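> Letter by letter, the chains look like this.
Number of protein chains: 2
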Amino acid sequence: MNANEPLAIGIDIGGTGTKFGIVDRDGNVLFSGEMSTKKHKEIGSFIDELYEHLHVLIDKAGGIGRMRGIGMGAPNGNYYSGTIEYAPNLPWKGIIPLAKLVTDKFQLPVKLTNDANAAAIGEMMYGAAKGMKDFIMITLGTGVGSGIVANGQLIYGHDGFAGELGHTIVIPDGRMHEGTGKKGSLESYASATGVRLTALEVLENSQEDSLLRSADKSTLDSKVVYDAAIKGDKLALEIFEFTGKILGLALANAVMFSSPEAIILFGGLTKSGDLILKPTRMHMEENLIQVFQNKVKILVSHLKESDAAILGASALVWESNQ
Amino acid sequence: MNANEPLAIGIDIGGTGTKFGIVDRDGNVLFSGEMSTKKHKEIGSFIDELYEHLHVLIDKAGGIGRMRGIGMGAPNGNYYSGTIEYAPNLPWKGIIPLAKLVTDKFQLPVKLTNDANAAAIGEMMYGAAKGMKDFIMITLGTGVGSGIVANGQLIYGHDGFAGELGHTIVIPDGRMHEGTGKKGSLESYASATGVRLTALEVLENSQEDSLLRSADKSTLDSKVVYDAAIKGDKLALEIFEFTGKILGLALANAVMFSSPEAIILFGGLTKSGDLILKPTRMHMEENLIQVFQNKVKILVSHLKESDAAILGASALVWESNQ
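Chains as they are written, first to last, in my numbering: chain A, 58 to 379; chain B, 58 to 379.
You may find that some hints are simply not true.
Because identical chains cannot be distinguished in the list, a pair is counted as satisfied if it fits within a single copy or across any two copies.
Straight-line Cα separation of at most 27 Å, DSSO-like style, residue types lysine-lysine; simulated pairs [stated by the list, open to error]:
1) Lys328 x Lys117
2) Lys354 x Lys150
3) Lys240 x Lys354
4) Lys162 x Lys291
5) Lys98 x Lys288
6) Lys352 x Lys240
7) Lys240 x Lys150
8) Lys352 x Lys150
9) Lys240 x Lys302
10) Lys157 x Lys352
11) Lys190 x Lys95
12) Lys354 x Lys274
13) Lys95 x Lys352
14) Lys274 x Lys187
15) Lys95 x Lys274
16) Lys157 x Lys96
Just so you know, these hints were derived from the structure itself, not from any lab. Predicted model only: the values in this text are computed from it and were never measured.
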């Protein structure tokens, strides 16, 4: 580490927790940390705690003078206005001038975009999408986010909010999404919450014996379903098949829209490997018209999960300095 | 008309007919004509007839020396390779090297893209999307086509086939599309064929009295439904409501993907005006998450229908000469 080399701060705000770190230009996360998003009902106290944590890391990394800027990813983060607007998964409602608040606190330039857009830029700079000009990044976490790159550029859209694939409707009049009030969106099925709801539904609607029946209902998640599925549990496999069917349909629709070279998946659900990827690929191909068949790669991000969100956010700083 | 001014040839190949014309740089269609696509089982005889017709127009317009090139729009037309590939609505199957065949015949440079992409470029150069950097063009004709413009550029995608919104699945396991074999695509509902099928279904499934019951089943189309609807016919209104519900849902999904400033609609169905636009707008808004609500315009193309397809195709010639 060259002591004069400029560094970037990356902050990723998720519905549950927030990750932050200090990153060099080659994509090494030098220092990092984590805190709760959820517990802060007010944005002010959130930024105060964030500052306390980061302050320590900044000092360790050589002081504020080495920081080129702050890149932030957050649900419904707007690249143009620097605001978070009506984010269904965050505790702060309405329009929050996040970039301005963070700039005021840290006295550094701030770039904000939605978390999945940040992840897409991270994959393009350091990850599986290196060298690609057309790809779609999909994050399968608490929610489902996406970042769309076409002609080598991230699509921000007219208002800065493009890429909300998680909220597109896959099953009309389908499962209600508590955050948005909309029915049948991809996020209601392919997110951590969605898989959990599917598991509870499948257990309730079936008489079949299953390892999942003895699982603690309050901690039933895709990891528990995975553990049962690799033991051949029929209902657990059914849950992955159902989730893959819906995710595959959504991917097919996305492919017919922007015809990417690859779709990069990231997040908790991808840890189930082929259990989720196989049905997803199969149903994607099944719904594609011939001209798109057998040519779009579904890749899993190979960035370290703990680093990826921070890397993506920090990449915004370098991108705007090029 | 300056006798030295260069001109462009625009050719639009549709499932039923092909339109062609000679256009100046200001978007005036100087000479134009039309022929059947459907009757040509072989691409060779199609190009021969096209040449015969255009040859006459080229002579009228001052000879081949004034022609800067040929722009073509066709279903599944590929901008990169100049081929038509597996077009479900055309009589020619497999991969057709259209640009090469037309270049060989006319001895002029040829640019090809899909018909809706060509329409989008036409709207951007001469029509309702003048000055816009983010919009989606949707053509509601025999089929449903789309062209997506983001960051001021048409999205061709990795393989040149982006923008097939008509084939995205809106109703999983819904109505079968005869051309693609897929179920529940936007095109199976919002195309001319789709509206006709909806009308036949509604008539069959209802006991309600309707002006449509006395219509000739073989010519029942959106014009006939329109004529009944403006007289207050309940089933006719139901057909528009149903079509608007599905189109609105598809538009909402497209908006959440690329967040355009406007959606430009073009084609037969738009002639029904508010009968189709009102339910479409309503259901689009209903399916949008809050951040996108009440800010995307749905506009109807104001280009003369007979000229628009030719203008769009010819615009490819000027675009590639800029």
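> Would you mind marking each hint as holding or not holding in the structure?
A quick look at each hint next to the structure:
1. Lys328 x Lys117: neither (33 Å within a copy, 67 Å between copies)
2. Lys354 x Lys150: Between. Shortest inter-copy distance 26 Å satisfies the 27 Å Cα cut-off; intra-copy 37 Å does not.
3. Lys240 x Lys354: Close across copies (23 Å), not inside one copy (29 Å); limit 27 Å.
4. Lys162 x Lys291: Result: close neither inside a copy nor across copies, 53 Å intra and 61 Å inter.
5. Lys98 x Lys288: Neither way: lysine 98 and lysine 288 sit 42 Å apart in one copy and 55 Å across, limit 27 Å.
6. Lys352 x Lys240: between (31 Å within a copy, 21 Å between copies)
7. Lys240 x Lys150: within (21 Å within a copy, 39 Å between copies)
8. Lys352 x Lys150: between (41 Å within a copy, 19 Å between copies)
9. Lys240 x Lys302: Cα proximity of lysine 240 and lysine 302: in one copy and across copies (17 Å, 14 Å).
10. Lys157 x Lys352: This pair counts as between: shortest inter-copy Cα distance 24 Å, intra-copy 43 Å.
11. Lys190 x Lys95: neither (36 Å within a copy, 37 Å between copies)
12. Lys354 x Lys274: neither (35 Å within a copy, 45 Å between copies)
13. Lys95 x Lys352: neither (41 Å within a copy, 30 Å between copies)
14. Lys274 x Lys187: neither (41 Å within a copy, 56 Å between copies)
15. Lys95 x Lys274: within (22 Å within a copy, 60 Å between copies)
16. Lys157 x Lys96: within (22 Å within a copy, 63 Å between copies)
When the structure is compared with the earlier hints, violations turn up for hints 1, 4, 5, 11, 12, 13, 14 and for no others.
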